[in-house]
Amino acid sequence: MDRNRLQHQAASMRRSLFDQGYLDEPFIQLEELQDDASPNFVQEIVTLFYTDSARLIQNIEHALNSRPIDFDKLDDYMHRFKGSSSSIGAKKVMNECTVFREYCSAENAEGCFRSFQQVKQDHAILRRKLEVYLQMVRQAAVSQTT
Amino acid sequence: MAQALHSGDQGADEANSGNGGQMQKPFTFNEIVLRNRLTALVVDGDNFCRLLEQGILQAYGLETQSVNNGHAAVELIASGAKFDLILIDMLLPVLDGLEAVLHRRHEHDKRQHRYCAHDVAATRFGKNKSILLVGQWIMISRSVFYHLFLWQATRRIRAMGMHCKMLGVTACSGERDRQAFLAAGVDVFVEKPLGPEVLIPVLRELDGQYPSV
Numbered sequence: 135m136d137r138n139r140l141q142h143q144a145a146s147m148r149r150s151l152f153d154q155g156y157l158d159e160p161f162i163q164l165e166e167l168q169d170d171a172s173p174n175f176v177q178e179i180v181t182l183f184y185t186d187s188a189r190l191i192q193n194i195e196h197a198l199n200s201r202p203i204d205f206d207k208l209d210d211y212m213h214r215f216k217g218s219s220s221s222i223g224a225k226k227v228m229n230e231c232t233v234f235r236e237y238c239s240a241e242n243a244e245g246c247f248r249s250f251q252q253v254k255q256d257h258a259i260l261r262r263k264l265e266v267y268l269q270m271v272r273q274a275a276v277s278q279t280t
Numbered sequence: 019m020a021q022a023l024h025s026g027d028q029g030a031d032e033a034n035s036g037n038g039g040q041m042q043k044p045f046t047f048n049e050i051v052l053r054n055r056l057t058a059l060v061v062d063g064d065n066f067c068r069l070l071e072q073g074i075l076q077a078y079g080l081e082t083q084s085v086n087n088g089h090a091a092v093e094l095i096a097s098g099a100k101f102d103l104i105l106i107d108m109l110l111p112v113l114d115g116l117e118a119v120l121h122r123r124h125e126h127d128k129r130q131h132r133y134c135a136h137d138v139a140a141t142r143f144g145k146n147k148s149i150l151l152v153g154q155w156i157m158i159s160r161s162v163f164y165h166l167f168l169w170q171a172t173r174r175i176r177a178m179g180m181h182c183k184m185l186g187v188t189a190c191s192g193e194r195d196r197q198a199f200l201a202a203g204v205d206v207f208v209e210k211p212l213g214p215e216v217l218i219p220v221l222r223e224l225d226g227q228y229p230s231v
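Line order of the protein sequences matches chains A and B. Residue numbering for the first sequence follows the working numbering, beginning at 135 and increasing consecutively. Residue numbering for the second sequence follows the working numbering, beginning at 19 and increasing consecutively.
Simulated from the structure, these hints should not be mistaken for lab results. These numbers come from a predicted model, not from an experiment. Worth double-checking, as some hints may not be accurate.
Label-pair restraints from in silico Cβ distances [claimed, not checked]:
#, chain 1, residue 1, chain 2, residue 2, range
1, A, Gln251, B, Val206, 34 to 40 Å
2, B, Gly98, A, Arg139, 55 to 61 Å
3, A, Phe247, B, Glu193, 25 to 31 Å
4, A, Glu244, B, Gln197, 42 to 48 Å
5, B, Cys190, A, Arg201, 26 to 32 Å
6, A, Asn138, B, Gln197, 51 to 57 Å
We put the beta carbon where it would ideally sit given N, CA and C, even for glycine.
With the rest of the complex left out, here is chain B (with noise of 0.2 Å):
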């Protein structure tokens, strides 16, 4: 029906017409066309967002597999499992559930600034590499330990040596969200949604890194 409404007849000239035509600006997966067989892993918890992304990235023309958690995507690329483009969500169910907790501990504690660095680095390096910090409470920002432990997931891959361009897709995140997960080993920092102008350089450069057939 889409291309029925954009068929040039009475209905589709008023479809674009309305707000200036720029909302309604015909948009086709095929400004790109792939010379490479390149392929995507999407990681994402929800749903509804995962098989978007990956309706998307198969029309532009990428085989794609797809994962519902973080730890689902670290066993798949630890198994052999390799991708020219992961795209992976900031936050994920599962292995990156540690920061939750993690997270949640810290709110309880935001109004005396406090940050029971004993449970961070027993969960960090093991209780028995704790003992320095040991019935001891330390005023340590936020900003220091949070960042971390989040996107596990994320830090695991990269661990691994699986160098392919990631982008990471969140609904929204403030600056410093975005520089930590950059940190973390995203290539490319997206807010949903996943649209052409941030996907066609992507695939146009993965495309090229290919040699000519």
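Just chain A, with the same shape it has in the complex (with noise of 0.2 Å):
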């Protein structure tokens, strides 16, 4: 496939991940943290966030299962979880994270429960989509040299 349509294609699926909602203009910056010092530089970082994320995702799913729930370790468990999502511009899992407190707030653990699970949701799509949108980018790049 040639360089031309790659990029195309590449670039579509970049403005759908923003239209939808999956994405946010922070996500603008870490692309511009890429240059020929660190080519690999948006891979690396969105590895880094999926590593971490699956951590605290693990943690959250711990802690909801505790009896009695604390509420009060759910909620920095979730603060991180926002942090991070909303330093890569994951904008949907950074609103859900938004829900998820309030409900914690409340110690609604029904509200918890299902907040979670939206989450989880989006967490996941959004890594299946930026798995096809970075080895898109990756086939362009090496398109490119040869």
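Put the two chains together into one complex, using the hints given.
Rendered as structure tokens:
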């Protein structure tokens, strides 16, 4: 597949990530941090985000399944999750983290469970889409050099 | 690849046409070119956020170090390290863990609106000085005592005479925490993500403090 077509596909994918609300402006800042000295920066930072957030998700699940539920600890975990999500520009994930924290503040366990399912769903969808997008970007870069 | 997508070819045009173009406005770290050597310390317990914040500051041209807890930050500054800018997260592990204990105790007693002033005094002033409050439970409002014990790293850094610019960052917080964090010693309160609209004016200010070469 020629370079222009690959770039077109990658750009379309990128646009859809923003249009559908999965990504926000901070992601653009991430892309600007990528240069010749750090050619894989975006991939590396996305990988780090998912490694860290997987651990947080595990901690949150454990806290939600504990009895009694420690809402204070839950809020701490979700606060961190929101911080990293907002820093990468994961807009939908970040917004749902806010909803979760509201349920947490109200000590509404059922609301927390529901919201957490949404957080995990949005997190997984974004991961899949970013994997596809970054794969397209890599392919376009490789075709550029061949 | 960011450069390729923004290069003006069809792919780049399509990338910038969505959402009215506003969400995808090209951004560059060359909006500010520092004339002086500026140094920064990033204090954040979250690996991802710490590395990202450090990367952003380096992209602007600052020489940066980072630590992942409040105690390490205090130790570094106590050793004589000087910084023009400190980026410090509102929630830090290790040094600021005290308030985590008090906060959980507060939450546990919230229904009774009680706060163990004896324990507060013992923690703050030492057991010997808590004699006035031994055996007594006092109705104390959260706003009076709770924030006194928060953000120990920030307070200690200021107490050591570090007068550099401090940006306090957090994922989200209420107005009361915002004001309290500012009162603890940060100059600017920033909600993540750390963006150019906050950083560029700060960096211009810091860069301008040095005499022109």
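Run through the hints listed earlier and report the numbers of any the structure violates, in increasing order. 4
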